[in-house]
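In terms of my numbering, the sequence shown is residues 1 to 126.
Derived from the structure by calculation, the hints contain no laboratory data.
There may be inaccurate statements among the hints.
With a straight-line cut-off of 25 Å between C-alpha atoms, the simulated DMTMM-like cross-links for lysine to aspartate or glutamate are [claimed, not checked]: (1) K46 / D64; (2) K112 / D32; (3) K58 / D68; (4) K112 / E3; (5) K112 / D64; (6) K46 / E123; (7) K46 / D68.
Just the calculated beta-carbon pair ranges, DEER-fashion [said to hold, decoys possible]: (8) R114 / Y75: 16 to 22 Å; (9) R27 / A101: 25 to 31 Å; (10) V4 / G60: 18 to 24 Å; (11) S2 / D64: 36 to 42 Å; (12) M1 / G60: 47 to 53 Å; (13) P59 / R114: 39 to 45 Å; (14) M1 / D50: 48 to 54 Å; (15) G42 / T71: 14 to 20 Å; (16) P14 / H109: 25 to 31 Å; (17) D64 / R113: 15 to 21 Å; (18) M1 / T71: 33 to 39 Å.
Think of the CB as a built atom: it goes at the ideal place given N, C-alpha and C, for glycine as much as any other residue.
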Amino acid sequence: MSEVTVGLSGGTQPPLRQISMALRLARSPWFDTLWTVDHFVGFFPKAIWDEDFSWMAKPGTTPDAYYDYQTLLGYLARRAGNVRLAVGVTEPVRRHPMLLAQAFLTLTHMVKRRPILGIGSGEREN
Numbered sequence: 001m002s003e004v005t006v007g008l009s010g011g012t013q014p015p016l017r018q019i020s021m022a023l024r025l026a027r028s029p030w031f032d033t034l035w036t037v038d039h040f041v042g043f044f045p046k047a048i049w050d051e052d053f054s055w056m057a058k059p060g061t062t063p064d065a066y067y068d069y070q071t072l073l074g075y076l077a078r079r080a081g082n083v084r085l086a087v088g089v090t091e092p093v094r095r096h097p098m099l100l101a102q103a104f105l106t107l108t109h110m111v112k113r114r115p116i117l118g119i120g121s122g123e124r125e126n
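Start from the sequences, fold in the hints, and give me the full structure.
What follows is the structure in structure tokens.
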């Protein structure tokens with residue numbers, strides 16, 4: 001029987017220090033995996049991205065700021081330790097399947113545990 005594990009969403013939005021903090025938390029005994037996402041734009045409607053509506057909407061910020069998940073996973077790989085790195089999900093239309101395979105093969109050589117590559121159809125926002 002398979003063992004149940006718990007992952008943590010590390011996000012892919014700035015600032016980078018928050019994602020690094022998520023990795024430190026994922027290295028605790030309670031978590032197994034750190035997940036990222038592959039997005040170009042956010043879910044928060046721009047029409048209500050306003051300081052009066054949300055504490056997140058600070059001057060000079062945007063709900064659409066996302067890091068490239070492949071670059072981010074490469075950055076996190078050197079400090080991942082036994083944490084499994086994952087993306088859930090990317091899609092093979094914007095990112096050619098051969099390039100996805102190459103990126104994850106490269107990542108596999110950088111980490112102790114095999115990374116998780118979630119592949120799906122993508123979302124309308126992207």
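Evaluated hints:
1. K46 / D64: At roughly 9 Å apart (the allowed maximum being 25 Å), D64 and K46 satisfy the hint.
2. K112 / D32: Holds, because 13 Å separates the two Cα atoms, which is no more than 25 Å.
3. K58 / D68: It holds: about 22 Å lies between the C-alpha atoms, which stays within 25 Å.
4. K112 / E3: 19 Å, holds
5. K112 / D64: 32 Å, violated
6. K46 / E123: 17 Å, holds
7. K46 / D68: Within the cut-off at roughly 21 Å; holds.
8. R114 / Y75: 16 to 22 Å: For R114 and Y75 the Cβ distance comes to about 18 Å; the hint holds.
9. R27 / A101: 25 to 31 Å: Given range 25 to 31 Å: holds, Cβ gap about 28 Å.
10. V4 / G60: 18 to 24 Å: The hinted range 18 to 24 Å is violated for V4 and G60, with Cβ atoms some 42 Å apart.
11. S2 / D64: 36 to 42 Å: 37 Å, holds
12. M1 / G60: 47 to 53 Å: Since M1 and G60 have Cβ atoms about 51 Å apart, the given range 47 to 53 Å holds.
13. P59 / R114: 39 to 45 Å: 42 Å, holds
14. M1 / D50: 48 to 54 Å: Since the Cβ atoms of M1 and D50 sit about 50 Å apart, the hinted range of 48 to 54 Å holds.
15. G42 / T71: 14 to 20 Å: Since the Cβ atoms of G42 and T71 sit about 18 Å apart, the hinted range of 14 to 20 Å holds.
16. P14 / H109: 25 to 31 Å: Given about 27 Å between the Cβ atoms, the range holds.
17. D64 / R113: 15 to 21 Å: 32 Å, violated
18. M1 / T71: 33 to 39 Å: Roughly 37 Å apart at Cβ, these two residues keep to the hinted range, so it holds.
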